[in-house]
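Q: Given next are the chains, with one letter for each unit.
There are 2 protein chains.
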Amino acid sequence: MTLYMIGLGLGDEKDITVRGLDLVQQADMVFLEAYTSILGIEKERLEAFYDKTITIADRGLVENDAESLILEPAKSQKVAFLVVGDPVCATTHTDLMLRAKQLSIKVEMVHNASIMGAAGACGLQLYNFGHTVSIPFWDDKWKPTSFYEKVKYNRQGGMHTLCLLDIKVKEPDFDAMMKGRQKFLPPRYMSVQIAAQQLLEVEDAILQQRAYDGRKTLCIGLARMGQPTQKIVAGTLQELSKADLGGPLHSLIICGECHELELEVVKEFLVEGSTHQLDNNTKLESLPPSDQER
Amino acid sequence: MTLYMIGLGLGDEKDITVRGLDLVQQADMVFLEAYTSILGIEKERLEAFYDKTITIADRGLVENDAESLILEPAKSQKVAFLVVGDPVCATTHTDLMLRAKQLSIKVEMVHNASIMGAAGACGLQLYNFGHTVSIPFWDDKWKPTSFYEKVKYNRQGGMHTLCLLDIKVKEPDFDAMMKGRQKFLPPRYMSVQIAAQQLLEVEDAILQQRAYDGRKTLCIGLARMGQPTQKIVAGTLQELSKADLGGPLHSLIICGECHELELEVVKEFLVEGSTHQLDNNTKLESLPPSDQER
Numbered sequence: 001m002t003l004y005m006i007g008l009g010l011g012d013e014k015d016i017t018v019r020g021l022d023l024v025q026q027a028d029m030v031f032l033e034a035y036t037s038i039l040g041i042e043k044e045r046l047e048a049f050y051d052k053t054i055t056i057a058d059r060g061l062v063e064n065d066a067e068s069l070i071l072e073p074a075k076s077q078k079v080a081f082l083v084v085g086d087p088v089c090a091t092t093h094t095d096l097m098l099r100a101k102q103l104s105i106k107v108e109m110v111h112n113a114s115i116m117g118a119a120g121a122c123g124l125q126l127y128n129f130g131h132t133v134s135i136p137f138w139d140d141k142w143k144p145t146s147f148y149e150k151v152k153y154n155r156q157g158g159m160h161t162l163c164l165l166d167i168k169v170k171e172p173d174f175d176a177m178m179k180g181r182q183k184f185l186p187p188r189y190m191s192v193q194i195a196a197q198q199l200l201e202v203e204d205a206i207l208q209q210r211a212y213d214g215r216k217t218l219c220i221g222l223a224r225m226g227q228p229t230q231k232i233v234a235g236t237l238q239e240l241s242k243a244d245l246g247g248p249l250h251s252l253i254i255c256g257e258c259h260e261l262e263l264e265v266v267k268e269f270l271v272e273g274s275t276h277q278l279d280n281n282t283k284l285e286s287l288p289p290s291d292q293e294r
Numbered sequence: 001m002t003l004y005m006i007g008l009g010l011g012d013e014k015d016i017t018v019r020g021l022d023l024v025q026q027a028d029m030v031f032l033e034a035y036t037s038i039l040g041i042e043k044e045r046l047e048a049f050y051d052k053t054i055t056i057a058d059r060g061l062v063e064n065d066a067e068s069l070i071l072e073p074a075k076s077q078k079v080a081f082l083v084v085g086d087p088v089c090a091t092t093h094t095d096l097m098l099r100a101k102q103l104s105i106k107v108e109m110v111h112n113a114s115i116m117g118a119a120g121a122c123g124l125q126l127y128n129f130g131h132t133v134s135i136p137f138w139d140d141k142w143k144p145t146s147f148y149e150k151v152k153y154n155r156q157g158g159m160h161t162l163c164l165l166d167i168k169v170k171e172p173d174f175d176a177m178m179k180g181r182q183k184f185l186p187p188r189y190m191s192v193q194i195a196a197q198q199l200l201e202v203e204d205a206i207l208q209q210r211a212y213d214g215r216k217t218l219c220i221g222l223a224r225m226g227q228p229t230q231k232i233v234a235g236t237l238q239e240l241s242k243a244d245l246g247g248p249l250h251s252l253i254i255c256g257e258c259h260e261l262e263l264e265v266v267k268e269f270l271v272e273g274s275t276h277q278l279d280n281n282t283k284l285e286s287l288p289p290s291d292q293e294r
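Residue numbers (UniProt numbering), protein chains in the order written: chain A, 1 to 294; chain B, 1 to 294.
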């Protein structure tokens, strides 16, 4: 019948829209996508609010079993697929939507706030953002830096960069598996602190193309946006690499050129003891002359 | 006491969040911002749904009388300021928030979907958008083209550009005013058709720097996003300059480099008779060699 892809917004059970709530309550089955983001509350609170049973859809379920568990029932029933934020924000959901349409299942979308919109609460204008990048967890052997070129291009054009920070949910525990047990590692969410440390390392030790300056470029750490405990902290990467923003989810913005009105809002979020001058030429200070002239 | 800045989302009265609805219903005064965007429904339907009287806040009220009409009451009462889309999406609202904070009024924000998020419903990934631009109405004497450079920079970096189209609400009627009457022109909303025509003129007759190609570059027209009559139409600018997408609001996307998954969704929106090949190298086809090499 219909697959409803419903955005839950960012905070708790009350951030769903009235339309979304109506549809969840009419649905025959309810899934909650739980591996590209997290809400500030547990599934049980959502279940109580909707008066519905919710099935958690982890990566395995969506990528391997969506056909039988979600799409097959959606041919004859109303299936609600709940997504933290907005349903058009992640590639996975586009894929699910396409597969539904191929099976002639009607797809209806209910939009909501996402981190890409809520990031504007720090005072930076959403118009001025470029490419959004993802920063993955590093380990000793694997230190991908593919986001760096995009940050550089954004900043050369005066644009801000929203960095989405890695989430590791339901990662297999290989040690346990070698002993024949199926076990998963506890979930990990990258903090602003870790992201800032990795960004400093890319710039200072690995690529060194002055896409940004760890001691000068204005950056903004975001934690639990849209939730009552939301925290916003502004400063240099060096300052943010020591800041503690508390529990997940975190995101980080690397500023481009800032307008006065933007800085007016950002200044109240400066981390204690910050030495940042909040000058509005953060675009150029860290770029070599050849880049400035382009 | 508190100024609540509450996003209404994009469609009708049911697109407010449950949290937002609770706050509106508890508010002592309710304003609706009505000059940077519009909902698909009339104020009266909102009033009936909230069981509240709503004061329309036009540009004059917000820019000249916010102090006395909105902020002064907010010192001792709960004032809800409703915004179509999300409250962090327009500079005007940032300004109001700052003025409230200067008067030590608590400001609370309720996020919601905005056009910048809902634009993802056409299949383009929100990660791949650069600078958002505004396209103003032209007249015989005044043809501003400041958006052009940003579109060019976005496309050179492979990014899509969301173009917000001009809205003229409560523009003074100078003819009537010269006769001593205060009168306003009927509201005007730029259509995808007009925007495409202006974009063709900038490229073909005014700036000619091949930021895009009116016969080749993939573009997507969006109308009434998030509403039941939502319409999405893809094609070249030449094709869109003849397309009729119906009533407001419209927006337009000029695509950068498209990934296969994006094109997979976009192809179902191709305008009838479109000659677009949906090749995924729309980034480069229109750029001169020197730009490609950079």
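Derived from the structure by calculation, the hints contain no laboratory data.
Hints should not be assumed to be uniformly reliable.
Same chains, same names: a pair is fine if it fits in one copy or spans any two.
[As the list claims (entries may be wrong)] Straight line, CA to CA, 35 angstroms or less: simulated DSBU-like cross-link-like pairs of lysine-lysine: (1) Lys101 x Lys242; (2) Lys75 x Lys168; (3) Lys179 x Lys216; (4) Lys14 x Lys143; (5) Lys141 x Lys101; (6) Lys179 x Lys267; (7) Lys242 x Lys216; (8) Lys14 x Lys75.
Q: Now tell me if each hint is right for this structure.
A: Status of the hints after comparison with the structure:
{"no.": "1", "hint": "Lys101 x Lys242", "result": "between (47 angstroms within a copy, 28 angstroms between copies)"}
{"no.": "2", "hint": "Lys75 x Lys168", "result": "within (32 angstroms within a copy, 45 angstroms between copies)"}
{"no.": "3", "hint": "Lys179 x Lys216", "result": "neither (49 angstroms within a copy, 58 angstroms between copies)"}
{"no.": "4", "hint": "Lys14 x Lys143", "result": "neither (39 angstroms within a copy, 46 angstroms between copies)"}
{"no.": "5", "hint": "Lys141 x Lys101", "result": "neither (41 angstroms within a copy, 48 angstroms between copies)"}
{"no.": "6", "hint": "Lys179 x Lys267", "result": "neither (53 angstroms within a copy, 49 angstroms between copies)"}
{"no.": "7", "hint": "Lys242 x Lys216", "result": "within (15 angstroms within a copy, 49 angstroms between copies)"}
{"no.": "8", "hint": "Lys14 x Lys75", "result": "both (29 angstroms within a copy, 26 angstroms between copies)"}
Hint violations for this structure: numbers 3, 4, 5, 6, all remaining hints satisfied.
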